[in-house]
Amino acid sequence: EAQVTQNPRYLITVTGKKLTVTCSQNMNHEYMSWYRQDPGLGLRQIYYSMNVEVTDKGDVPEGYKVSRKEKRNFPLILESPSPNQTSLYFCASSLSSGFNEKLFFGSGTQLSVL
Amino acid sequence: QKEVEQNSGPLSVPEGAIASLNCTYSDRGSQSFFWYRQYSGKSPELIMFIYSNGDKEDGRFTAQLNKASQYVSLLIRDSQPSDSATYLCAVRIWNSNSGYALNFGKGTSLLVTP
Numbered sequence: 001e002a003q004v005t006q007n008p009r010y011l012i013t014v015t016g017k018k019l020t021v022t023c024s025q026n027m028n029h030e031y032m033s034w035y036r037q038d039p040g041l042g043l044r045q046i047y048y049s050m051n052v053e054v055t056d057k058g059d060v061p062e063g064y065k066v067s068r069k070e071k072r073n074f075p076l077i078l079e080s081p082s083p084n085q086t087s088l089y090f091c092a093s094s095l096s097s098g099f100n101e102k103l104f105f106g107s108g109t110q111l112s113v114l
Numbered sequence: 001q002k003e004v005e006q007n008s009g010p011l012s013v014p015e016g017a018i019a020s021l022n023c024t025y026s027d028r029g030s031q032s033f034f035w036y037r038q039y040s041g042k043s044p045e046l047i048m049f050i051y052s053n054g055d056k057e058d059g060r061f062t063a064q065l066n067k068a069s070q071y072v073s074l075l076i077r078d079s080q081p082s083d084s085a086t087y088l089c090a091v092r093i094w095n096s097n098s099g100y101a102l103n104f105g106k107g108t109s110l111l112v113t114p
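Protein sequences appear in the order of chains G and Y. If you're matching positions, the first sequence starts at 1 in our numbering and goes up one per residue. If you're matching positions, the second sequence starts at 1 in our numbering and goes up one per residue.
One chain only, chain G, in its complex shape:
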């Protein structure tokens, strides 16, 4: 089944403890992206990747890191999480960033930073 897989689904952590949220897609998509979603603010892009070893900042990149060493994987790293990073996170992918490409989302990760 074609899908974007995120793990974990729920995560509770404490301020300053490094964490990684994994994202994997099995559709051979070139484009991958991370979003956070907060009430009243909608979906905001954190980072995106056009292809392997090509990543760039989105609208809200502060406090996050990403890497794209393989086409299928695009992990999101929080080196020193803070409470303002408590949010619902989504990984998404599309075949490319062409105008007619559809973006597919993972199931989400609800992160709480205490």
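Just so you know, the hints here were simulated from the structure itself, not pulled from any lab data. Certain hints may be false.
The calculated lysine to any residue pairs, modelled on SDA-like cross-linking and capped at a C-alpha distance of 25 Å, are [unchecked claim]:
#  : chain 1 : residue 1 : chain 2 : residue 2
1  : Y       : Lys42     : G       : Glu53
2  : G       : Lys18     : G       : Tyr64
3  : Y       : Lys106    : G       : Ser107
4  : G       : Lys102    : Y       : Lys67
5  : G       : Lys18     : G       : Pro75
6  : G       : Lys18     : G       : Lys57
7  : Y       : Lys56     : G       : Gln45
8  : G       : Lys57     : G       : Arg44
9  : G       : Lys57     : Y       : Ser82
10 : Y       : Lys106    : G       : Phe99
11 : G       : Lys102    : G       : Thr5
12 : G       : Lys102    : Y       : Ser82
13 : G       : Lys71     : G       : Gly108
14 : Y       : Lys42     : G       : Leu11
15 : G       : Lys102    : Y       : Lys56
16 : Y       : Lys42     : G       : Pro39
17 : Y       : Lys67     : G       : Gly42
18 : Y       : Lys106    : G       : Gly40
19 : G       : Lys57     : G       : Gln45
20 : G       : Lys65     : Y       : Ala101
21 : G       : Lys102    : Y       : Ser12
22 : G       : Lys65     : G       : Asn26
23 : Y       : Lys67     : Y       : Glu5
Following the hints, complete the assembly by docking chain Y onto the known chain G.
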């Protein structure tokens, strides 16, 4: 920032009625338009996309695009309580760094009452 605007709602319609969801966008260069449905705590799910002016129908859903007025809408016929969700409008806009970036509105909450 290229704007995508939606009324946050909630939009309340009785079961069996037509729900009309609207979206306006600021960039005349926008190329393609997507509607996602998102249930609370779940990931966005693509339900419709449209590239050309006019109407596009898929089952109970009709997307309408008017590029001159910079307006895209989603009609849901014979609304069901299971249609109660937040509907996100997304617009692909050319970005020299990221190709056709996908900009999301903040969503309209739809409530279908039995």
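Right, here's what the structure says about each hint:
no.	hint	verdict
1	Lys42(Y) x Glu53(G)	29 Å, violated
2	Lys18(G) x Tyr64(G)	11 Å, holds
3	Lys106(Y) x Ser107(G)	19 Å, holds
4	Lys102(G) x Lys67(Y)	20 Å, holds
5	Lys18(G) x Pro75(G)	13 Å, holds
6	Lys18(G) x Lys57(G)	20 Å, holds
7	Lys56(Y) x Gln45(G)	28 Å, violated
8	Lys57(G) x Arg44(G)	11 Å, holds
9	Lys57(G) x Ser82(Y)	36 Å, violated
10	Lys106(Y) x Phe99(G)	21 Å, holds
11	Lys102(G) x Thr5(G)	17 Å, holds
12	Lys102(G) x Ser82(Y)	24 Å, holds
13	Lys71(G) x Gly108(G)	20 Å, holds
14	Lys42(Y) x Leu11(G)	15 Å, holds
15	Lys102(G) x Lys56(Y)	16 Å, holds
16	Lys42(Y) x Pro39(G)	14 Å, holds
17	Lys67(Y) x Gly42(G)	24 Å, holds
18	Lys106(Y) x Gly40(G)	7 Å, holds
19	Lys57(G) x Gln45(G)	8 Å, holds
20	Lys65(G) x Ala101(Y)	20 Å, holds
21	Lys102(G) x Ser12(Y)	29 Å, violated
22	Lys65(G) x Asn26(G)	22 Å, holds
23	Lys67(Y) x Glu5(Y)	15 Å, holds
Going through the hint list in order, the structure does not satisfy hints 1, 7, 9 and 21.
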